[in-house]
Structure formats: structure tokens, C-alpha cells
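> One letter stands for each residue in the lines below.
2 protein chains.
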Amino acid sequence: MAAVDATQLRELGQQFRVDSIRPAAVAKSGHPTSGMSAADLMAVLVANHFRYDFDHPKNATNDRLIFSKGHASTLYYAILRAVGAISDEELLTYRKFGSMLEGHPTPLIPWVDVATGSLGQGLPIGVGMGLAAKYLDRLPTRVWVLCGDSEMAEGSMWEAFEHASHYELDNLTAIIDVNRLGQRGETMVGWNTGVYVERARAFGWNAIEIDGHDVEAIDRAYTEASGTTGKPTVVIARTIKGKGVKAVENQPGWHGKALDDPDAAIAELGGVRNIRVEVTKPEPAEPHRFPDGPLELPRYELGEKVATRKAYGEALTALGAARGDVVALDGEVGNSTFAEIFAKAHPERYFEMYIAEQQLIAAAVGLHARGWNAFASTFAAFFSRAYDFVRMAAISRVNLRLTGSHAGVSIGEDGPSQMALEDIASIRAIHSSVVLHPCDANQTAKLVAAMADAEGIVFLRTLRPNTPVIYDADEDFEIGGARVLRSSEEDDVTLIGAGVTVHEALQAADALEEEGITARVIDLYSIKPIDADTLQAAAEATGRIVTAEDHYPEGGVGDAVLAALAELDEHPRVLKLAVREMPRSGKPEELLHAYGIDAEGIAAAARQLIGSEVTAS
Amino acid sequence: MAAVDATQLRELGQQFRVDSIRPAAVAKSGHPTSGMSAADLMAVLVANHFRYDFDHPKNATNDRLIFSKGHASTLYYAILRAVGAISDEELLTYRKFGSMLEGHPTPLIPWVDVATGSLGQGLPIGVGMGLAAKYLDRLPTRVWVLCGDSEMAEGSMWEAFEHASHYELDNLTAIIDVNRLGQRGETMVGWNTGVYVERARAFGWNAIEIDGHDVEAIDRAYTEASGTTGKPTVVIARTIKGKGVKAVENQPGWHGKALDDPDAAIAELGGVRNIRVEVTKPEPAEPHRFPDGPLELPRYELGEKVATRKAYGEALTALGAARGDVVALDGEVGNSTFAEIFAKAHPERYFEMYIAEQQLIAAAVGLHARGWNAFASTFAAFFSRAYDFVRMAAISRVNLRLTGSHAGVSIGEDGPSQMALEDIASIRAIHSSVVLHPCDANQTAKLVAAMADAEGIVFLRTLRPNTPVIYDADEDFEIGGARVLRSSEEDDVTLIGAGVTVHEALQAADALEEEGITARVIDLYSIKPIDADTLQAAAEATGRIVTAEDHYPEGGVGDAVLAALAELDEHPRVLKLAVREMPRSGKPEELLHAYGIDAEGIAAAARQLIGSEVTAS
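Which chain is which? The protein sequence lines are A and B, in order. Counting from 1, position 444 in the first sequence corresponds to residue 444 in this note's numbering; the numbering is continuous, with no gaps. Counting from 1, position 480 in the second sequence corresponds to residue 480 in this note's numbering; the numbering is continuous, with no gaps.
Rather than coming from a laboratory, the hints here were simulated on the basis of the structure. A portion of the hints provided could be inaccurate.
In this list, chains with the same sequence are indistinguishable; a pair is considered to hold if it fits within one copy or across any two.
Keeping only pairs whose Cα atoms sit at most 20 Å apart, straight-line, the calculated EDC-like set for lysine to aspartate or glutamate is [claimed, not checked]:
(1) 231 <-> 198
(2) 246 <-> 567
(3) 96 <-> 589
(4) 28 <-> 589
(5) 28 <-> 263
(6) 246 <-> 453
(7) 344 <-> 186
(8) 344 <-> 600
(9) 281 <-> 510
(10) 134 <-> 453
(11) 246 <-> 304
(12) 96 <-> 581
(13) 257 <-> 567
(14) 344 <-> 209
(15) 246 <-> 489
(16) 246 <-> 11
(17) 28 <-> 590
(18) 344 <-> 513
Can you make the complete structure from the sequences, with help from the hints?
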């Protein structure tokens with residue numbers, strides 16, 4: 001045993017149980033029994049193995065502790081009290097409005113890196129932190145993740161198992177609290193802990209099976225985990241839910257409930273304790289840093305045809321040369337998203353995440369939480385695979401930079417499974433999100449550079465086909481802006497596009513001009529935040545707006561425009577063009593035409609808006 | 001060997017290779033090398049093991065074949081040609097606009113049950129089909145799933161592995177085409193097929209490792225799979241990508257590309273063949289059916305306080321008694337969603353899917369594809385975990401019935417990780433979706449009954465807290481409707497809510513009435529499709545609208561209302577109330593107030609709309 005002996009550890013475990021019960025008793029809700037099963041596991045960890053400076057939580061030298069089973073939050077808060085990070089009074093503010101001690105942990109608490117509470121996310125995020133420590137910071141810090149056994153049913157956990165072993169993350173320890181009982185009954189595996197051992201070993205991990213209430217066994221397991229090289233370790237701990245309180249011990253029906261008689265339960269556990277734990281601080285060390293340099297973004301000639309996805313890859317590579325904190329990840333499609341250009345230029349800062357989009361995003365979250373500026377890419381359609389991870393990243397208040405290629409029907413023959421058509425809507429709805437959709441290569445490059453400093457969940461939507469360069473390489477583009485490409489004093493109608501439809505709108509304006517209809521054309525490259533001033537000015541000037549988007553009609557460009565104009569006194573008439581059928585395979589131009597979002601469709605909509613009024617008047 | 005001998009099988013494999021190359025050559029795109037690795041695996045299957053009546057694809061007695069690696073679509077189309085389902089001419093329409101032979105298979109093809117092309121989905125959908133065959137239809141049909149090795153990195157595959165073994169799906173065979181090469185390089189496992197064997201066995205499967213080009217070994221493996229009881233079987237087949245054509249065989253850089261010299265490749269493979277395969281039809285048999293009965297929906301008294309999630313569970317149980325085709329699944333939160341009521345009443349038609357939301361949705365897809373009317377439930381926030389599966393379900397043209405509980409900040413203390421605040425936006429954006437959000441128990445019951453016959457992806461959003469019953473049990477509610485709860489000739493403003501905000505809007509109307517402001521109140525329980533007539537009438541009558549939703553501002557109720565009003569000649573002014581901050585833990589009423597969507601916030605917005613005009617005029 002290290003610093004704290006078994007007797008003291010057992011006492012600390014009891015304190016953690018009591019302190020799991022007390023805040024839930026005050027709040028009249030919470031998950032005390034889920035904390036009680038893992039109390040000994042955490043007592044041994046914080047007393048003897050965890051290396052952390054609570055005064056400087058952001059230090060790269062600190063170990064990390066993630067409660068993947070976030071509902072056991074009272075146990076985490078009990079730890080904070082024991083280490084002196086929060087007072088007893090604060091512990092009892094649990095779940096009260098305004099308290100940082102929410103139902104599930106969030107980074108409102110200075111010592112929490114990422115929010116948990118959607119199960120199966122803590123371990124894949126831990127993989128990201130492990131990558132940061134081993135390959136980027138290059139420090140001997142460890143990542144400890146407390147997992148529930150119920151969440152082992154989430155596929156994301158097995159993505160984490162595979163990636164952690166692939167990347168030989170010997171700094172990562174998963175601790176599975178096998179208390180057998182989920183929310184409404186037994187898990188599929190129950191107490192057959194050998195099953196977890198076999199699975200973990202088959203995924204390349206060192207697996208240690210213990211009694212999760214035997215503090216000496218726990219201590220030995222953590223020592224073995226810390227000493228194991230070349231592979232991660234999982235401690236599979238058989239535990240008892242509600243351990244120590246007969247009324248709830250190993251009983252179904254006690255998940256997510258305060259105890260009926262907390263005073264009796266606390267008495268049964270030996271009463272309130274005030275053990276103070278001194279967590280060992282890590283040895284001082286400097287994290288590795290990659291050099292910065294001048295930013296030399298790629299430049300594209302006007303009229304050249306370049307896919308914005310290609311510009312992404314080239315701009316990101318330039319950004320990587322300029323900033324040592326930039327890291328890239330991709331989901332096995334780097335030759336399509338063009339993340340491969342970065343991978344070749346900066347191999348030490350590139351992580352291949354294979355076809356595992358949940359792990360892709362989770363790793364990006366973990367890297368950001370450790371201060372690295374990770375850019376993650378895949379087909380935009382496949383970010384939908386990790387939507388819950390994006391949602392939780394917003395709650396984690398981390399910054400994400402997501403680049404999704406192959407947007408919309410403009411991809412052509414591969415068909416609807418590969419087409420992102422809900423992505424703008426789904427990511428716009430994420431709190432703190434930024435949604436960008438450039439139409440040319442120079443604009444893409446500038447926006448990629450801007451992404452690196454943006455706050456929140458930043459999504460860049462890129463195109464598969466080559467599109468003409470329409471902006472000079474010296475033009476600047478800011479997040480939240482829009483570009484008026486054509487305008488005059490006498491505009492009859494405003495055409496608004498983003499991405500591929502900008503080029504269609506320009507062609508439509510040409511066609512309309514021949515008929516004597518003057519169109520204002522707006523490139524709405526920043527869909528969120530949106531340039532309401534430019535839109536409102538156009539609405540006031542023209543009174544008629546056509547929006548065209550390579551996306552389904554709900555929640556995309558058109559709806560964003562409508563929302564930006566909602567509170568105007570005078571409203572324009574708005575015709576929203578979008579993909580209103582389930583698209584088919586076909587050539588890009590055939591599909592843009594079939595779904596009415598090509599130049600012809602846009603021009604027809606403009607005529608309809610103008611004509612219907614003529615008829616009406 | 002059964003009907004077809006090894007020599008013929010090898011020839012058929014060569015035909016499949018040639019026919020994987022030919023359509024891609026015409027289309028100048030596609031994934032021929034991915035079909036070529038699995039050609040022998042499929043030759044042996046369709047010639048000797050697959051039981052299918054191509055004239056009656058919907059027959060419950062038919063085996064099922066799912067191409068989980070949907071990009072190998074030319075191989076599937078080659079099979080269709082060999083069995084005489086399509087002509088050679090039709091084969092060569094691959095990827096042409098209007099052809100049913102899209103880049104990835106979709107159910108536009110009569111013999112395709114579900115769309116694939118987003119990797120890692122075919123196997124979990126196969127689990128749903130296996131459940132249908134074994135526990136519902138109770139027929140000896142088999143489900144065969146061709147998987148790629150790259151997609152084994154998707155966690156959803158391991159959800160499928162765990163659930164298939166938990167449910168002892170001995171009718172399910174996964175065939176992993178281990179060709180080593182993904183899109184941009186080698187997989188994490190490569191040709192170490194033993195790794196897959198260990199993992200599969202650790203997950204409770206029978207695993208058979210073979211050379212995937214040895215037709216006799218393949219034949220033996222399928223025979224063993226069909227004869228294995230109590231557990232599913234996986235055939236782990238070591239194969240060569242691009243097998244048979246030296247220029248591409250086992251070479252990186254040939255994923256998703258037509259061959260450079262297709263004629264030479266076809267010659268190397270021995271030329272075009274016209275082998276016709278006679279697929280054995282299944283033995284005639286009648287599927288098991290559960291009895292129907294009268295529909296007796298639960299009835300709630302006016303003024304009673306009942307959570308809509310509870311009404312869901314009770315109504316679904318009644319529906320289950322009325323209709324033998326109704327099945328329920330839940331993601332280990334049945335005591336929160338109240339799916340547990342159904343589980344107790346109809347245990348033979350309930351499947352616990354544990355905390356594996358991707359498998360939850362995939363199983364529902366598989367059940368629907370086999371004609372069962374599956375209702376899947378979890379917290380609404382956690383459907384985000386399976387968003388890609390919902391997206392693909394729309395491409396599969398299956399009906400889904402999803403019920404998500406714990407919507408919005410009204411859940412209270414559990415905090416933001418458990419609150420659905422993007423769900424309306426994300427599901428509205430899905431093609432063919434229906435989004436319902438009832439506010440009382442009787443309305444919920446009627447909508448649950450309506451869901452059973454609705455087309456498309458139907459999402460019902462339910463509430464955690466008890467809400468007062470405001471509708472008589474005899475009132476009818478149709479999908480696409482809205483209910484005007486209050487109106488008069490002189491309404492000054494319209495208040496629109498859905499779910500919990502309906503009750504807040506009613507209270508706001510009371511408060512405003514005391515000040516002499518008359519408010520129309522609309523319950524927008526059907527957010528998509530939306531009752532544009534009722535909204536437009538309100539807009540014309542009052543000219544001012546306040547929308548209030550327990551959801552983020554983008555893509556929800558407010559944006560749906562704006563979209564419905566966009567093309568009006570005269571526009572109302574619309575003030576959109578929504579959750580505009582990252583919410584905290586707290587009491588439901590504290591949170592509704594803090595984020596401005598309670599009665600007070602709604603009344604204040606109404607006053608602002610009226611007052612600003614008074615000031616302006």
C-alpha cells in the first residue's frame with residue numbers, strides 16, 4: 001500500500017457513501033446508490049494513485065478523472081469535499097438552481113473537464129485525453145475513467161476499447177463498476193465479470209478482475225495499471241449497488257432515487273465523517289509543444305475550379321504549420337475530406353480514427369479539453385453518427401472544429417446515404433454552434449483560419465465537386481458575415497444561396513437580368529451566426545427573397561433567413577427552395593435540377609414571386 | 001456440398017466479379033474491388049444456402065440478405081442479374097438518374113429491405129430481423145448479413161454482437177469480408193482474423209475463420225452456421241480486395257473507383273458469363289400472429305394531472321391489446337418512458353434493448369422491414385445517439401415510431417445532459433418525418449393510436465412532469481392538426497405553445513386578459529406536418545404571434561411557424577421564445593422561468609409586441 005492504509009481507505013469509502021447520500025437527501029433526487037457501489041474504487045484512487053493539483057486544474061501535468069457514469073455525481077462531489085475543493089455547505093447545494101453541482105457533472109465545476117451524463121462518452125473522451133498526454137504533451141500523466149457496467153452496452157465504449165489499444169494508451173485506465181443493476185433491472189452481463197475480462201482482452205487491453213470493495217485488491221490493481229506498458233488497463237470491479245445500506249443494497253428499484261430514510265442509512269454507515277484527503281501533486285514538467293510559424297494560407301486564382309473540401313485540407317495544413325496547437329483527426333475518409341494533406345505534412349499531429357465517428361468526436365473533445373486545437377473531419381452525413389457527442393460537447397463548453405464534406409445532392413452518384421441533407425439543421429440547433437458553408441476555395445481557407453479561434457461547436461460544410469473561385473485570395477471573411485455578390489439600387493428580388501447554390505444563384509441572376517429582372521445575390525456563408533443586417537437590408541430593398549439550399553427544407557438556410565427577418569416590421573415574401581424529395585443517384589447537375597435548386601429553379605422562383613404580385617395587383 | 005458444386009461456384013464467383021466491374025465501368029464510379037473480395041462468399045450463399053422467393057419478396061418465410069457493406073452494391077446487383085431478377089441491360093443502368101440501382105442499395109429495389117451505405121448499420125438491423133423471425137413470426141428463416149471489415153470499427157457492430165447473443169439469435173449469420181483495406185489504407189486489425197474470432201467469441205458468438213475464396217470452406221461454414229443453435233454465427237473470411245485482377249488485387253488506392261482497364265480485367269477473369277442461379281424457395285409456412293382486439297384507449301379526467309410519458313405507456317399498452325402487430329422496445333429506461341407498462345402486459349412483444357440506442361433504432365428498423373409495427377422509446381435526448389440510424393431509416397422508407405420522454409428543461413434537476421433541446425429540429429429535418437408534441441394525457445393517447453398508421457419517421461415528444469388534462473377523452477386529434485384553445489373576434493395576439501408551454505400560454509392568456517389584452521392560444525401539438533391554415537388564420541386575425549417552446553431557438557416550434565407563414569402576403573410580427581442559454585439543474589418551474597418560457601415570459605413577450613407598436617404609432 002502507498003500513503004493511505006487499508007483501514008483509512010475503508011473509512012474514506014464510507015465517507016464517500018455517506019456523502020453520496022446526504023446531498024441526494026437534501027435535493028430529494030439523485031443517484032446515491034450508484035455512487036455507493038464505486039465509493040471504495042474512488043477512495044483508493046484519490047488517496048493513493050491520483051496525481052492532481054486542485055489549485056491548478058488546467059495543468060497539463062495533472063492526471064485526469066472522468067466520471068463516465070456521470071449520474072454518480074454525488075460521489076464525485078464527495079471527493080471534492082474530501083480534498084477540500086468544496087465545503088460541506090456547498091456539497092449540500094447539489095441540484096439547486098445556481099449551484100455548480102448539477103445533477104450530472106459539467107465543467108461549471110473547475111475540476112471537471114467534460115460533461116457526462118449521456119452514457120458511454122467518458123471512456124472515448126478519455127481516449128482523446130490519453131492521445132494528448134502520450135503523443136502531444138508527452139507527459140507521464142494518467143487518465144482514469146470510472147465507467148458503469150450498464151454503459152458497456154453502448155457501442156462507443158468498444159470504439160474506445162479498440163482505439164485505446166490501437167494507440168497503445170498505457171496511460172489510460174478504465175474502472176468498470178460492475179454493480180449489476182441498471183436503471184430498471186439487471187444488465188445483460190450481470191455479475192459475470194469474466195465476460196468483460198474476455199472482451200477487454202480480445203480488444204487488446206490488460207484486464208484485472210477484482211472485488212470492488214476490497215481496498216487492497218483495488219490498490220494492487222491500480223499499481224498494476226500504472227506499471228503496465230504498451231496497452232491500456234481495465235479494472236473490472238465486482239461491486240454492490242447501494243453497498244453498506246441494507247434497505248437498498250443490491251436491490252432493484254433504487255436507481256436514481258434519494259434514500260427513503262437517509263438518517264438511518266448514514267447511521268448504518270457509521271455517521272458523517274470529515275476525513276481530509278491530501279491528493280499528491282504531479283511532478284512539475286513541461287509539456288511538449290510544436291513550433292508556431294507564419295500563416296501562409298493557400299491562394300487560388302479567380303475562375304480556377306477547386307473543391308472546397310480540397311481547400312479545407314490545404315488550409316488546415318497551412319494552419320498546422322502556423323500553429324503548433326492544431327491537430328487533425330479523420331474517420332478513415334481523409335482522401336475524401338482531404339485531411340490526408342495535413343496527415344502527410346504533420347504526421348505527429350494527425351490521428352486516424354477509422355470508421356468510428358463517435359470516437360472521432362470524443363477524441364476531439366478530449367484533445368480540446370487538454371488544450372489542443374483539434375479539427376475533426378468526415379463526410380458531413382456521418383457526423384450524424386456522433387450527434388449525441390456533439391450535443392454533449394456543447395454542455396462540456398469545449399470548442400470543436402468539425403468539417404463535413406460531401407454536402408447535399410451535389411455529391412451525385414453515391415446516393416442519399418452519403419448526402420448530408422439534415423446537417424445544417426441538426427448542428428444549428430446545438431447550443432453555441434457556428435455553421436459555415438463556403439462556396440469557394442479562398443473563402444474556405446479564410447474560414448478555416450477563423451475556425452481555429454472561434455468559440456463553441458464550429459461546423460464547416462464543404463463540397464465534393466469543384467466550384468469556381470469567385471473571391472480574391474486577399475478578401476477577408478469573418479464568422480457571422482455574408483457577402484453581397486451583386487446589388488443595385490433597383491433590385492427586384494434577392495437570391496440567397498450558400499455553398500453550391502451560390503453559383504446557381506449567380507447564374508440565375510444572369511438569366512433574370514436578360515429578362516430585365518435585377519437580382520441581388522447574397523452568399524450566406526455563415527448560417528449561424530447570421531448576418532441579420534445584410535438580410536434585413538435586402539428584405540427592405542427588394543421585398544422578395546428566394547433562398548436556395550442543398551439541404552432539406554427544415555431548419556436550414558431558408559429557415560435561418562426567416563428567423564433573422566421575423567421581427568421586422570415589414571416582411572418580404574420568401575420562397576424557400578430546398579431538397580423536398582428523397583434524392584436519388586445521378587449526376588450532380590441532374591440532381592440539382594431535379595430538386596429545383598439549380599439556376600433554373602432559382603430563376604423560376606424569382607419570376608414566380610414577381611409574377612404572383614403582378615397578377616394579384 | 002449441396003446443389004451447386006465447387007467448380008460451378010467458382011465460376012459464379014468469377015461472374016460476380018465481372019458483374020461488379022461492368023456497371024462501375026459504365027458509370028465510371030462505384031466500388032468494384034469491394035464486391036470482388038466478397039464474390040465467392042455470395043456465390044456460395046445464393047447458390048446453396050439462401051432460401052428466397054424472388055417473386056414474393058415480402059414473404060415472411062424468406063431468408064433475408066443485407067449488404068451491411070452497402071458500397072459493394074455492384075455485387076448485390078450482380079446477384080440480382082444471376083437470379084434473373086434484373087436483366088443485363090438493367091444492371092448497366094447502375095448509378096444513372098432514375099435507375100433503381102443506386103450507388104448504395106435502397107428499397108427502391110423490391111428485394112432490398114433496408115438502405116445501407118452508412119457503415120455499421122446492416123448488422124444491427126439484421127438483429128431486428130432476427131428478433132422478428134425467432135420471437136414474432138416464429139419461422140425458421142435466416143438472416144444473412146455481409147459485413148465489411150472496416151465497419152467493424154463502428155461501435156454499433158458490437159452493440160449488434162452483444163444483443164444478438166443475448167437474444168440467442170441462431171438465425172443470424174454475419175459474414176465478415178476481411179479484405180484488410182479500407183478507403184484510405186489498412187484497417188486496425190488488418191488480416192489478423194484471429195482478433196475477430198476472439199472478439200466474436202467473447203461476445204458469445206460461434207466464430208468460424210475461413211479463406212473467403214475457398215468455396216468449399218465457405219460452404220461448410222454456412223452449413224455449420226445454419227446448424228448452430230442457441231447463438232449466432234460469424235464467418236470471418238480472409239479475402240483479397242480486387243481479387244482476380246492483378247492491377248488492383250490487394251492494392252491500396254482502389255477503393256471506390258472504377259477500374260482503369262475494365263476490358264482487360266474482365267478478360268483476366270475469364271470474360272462475361274451468363275450463369276443463371278436458381279435460388280431455392282423457402283418451405284411454405286404461416287408466420288405466427290398475435291390476436292387483435294378492440295381498441296380501448298386510456299381515458300383521463302379533465303383537471304387530473306398526468307405525465308404525457310405515462311399516457312404514452314398506457315396508450316401503447318391498449319394499442320398492443322388492439323393490434324397484434326404492435327411491438328415495443330426501450331433503451332433500459334422503460335420505467336421512465338413507461339414502456340414498462342407495455343412490457344408487463346405484452347411480454348412476448350417487448351424487447352429490452354439496454355443502453356444501446358443505435359441498436360434500439362436499428363432493431364425497430366428491422367422489425368418494420370419485416371412488417372411489425374415497432375414503437376421504440378428512450379429519453380428524447382438519447383435519440384441523438386442514433387441520429388444516423390433515423391436518417392438512414394428514412395432512406396429505407398420504413399416507418400418508425402419513436403417516443404422520446406424527458407423533453408426540455410421541464411425535466412428539472414437532472415440537468416442538460418438529460419434534456420432534449422435539439423430533438424424537434426433534428427428530427428424535423430429528416431425526410432418523411434412527423435413530429436408530435438402533446439400537452440395532455442388524452443391527446444397523447446389519441447396520437448399514439450394515430451402513430452400506428454402513420455407513414456414515415458414519427459416522433460412523439462413526451463414530458464416528464466405531470467401536466468393537467470385539458471382535453472376531453474372523446475376529443476379527436478389528427479396528425480397535422482393544431483387546436484385553438486381560446487379565440488375571439490378581437491384577439492390582440494396569438495400565443496403558440498406545444499407540450500409544457502401550452503399550459504404556460506394558457507396562464508399567460510389569463511394574466512393578459514386581466515389587463516384587457518385578449519390572446520388567442522394555439523396548441524401546436526403537430527409540429528410537422530403543421531396546420532398552416534390555423535396559423536395563417538391566427539396571423540391574419542391578430543397580426544402578432546408569440547411562440548414558446550422548451551427547445552433551443554433553431555429549427556423548433558418557432559421556426560416551423562415562421563416557415564408556415566413565409567409565403568403569406570401580410571406578415572405577423574413573431575416573437576420566438578425558446579431556451580437561449582445552456583440550462584442548469586433546478587426545479588422545472590425555476591428553469592421555465594429562468595429561460596423565459598413560462599407564463600410570465602410569454603405574457604411579457606405579448607405585451608412587448610403590442611407595446612412596441614403603440615410606441616411606434
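> Find the hints from earlier in the document that the structure breaks and name them by number, from lowest to highest.
Checked against the structure, the hints that fail are numbers 2, 6, 8, 9, 10, 11, 13, 14, 15 and 18, while the rest are satisfied.
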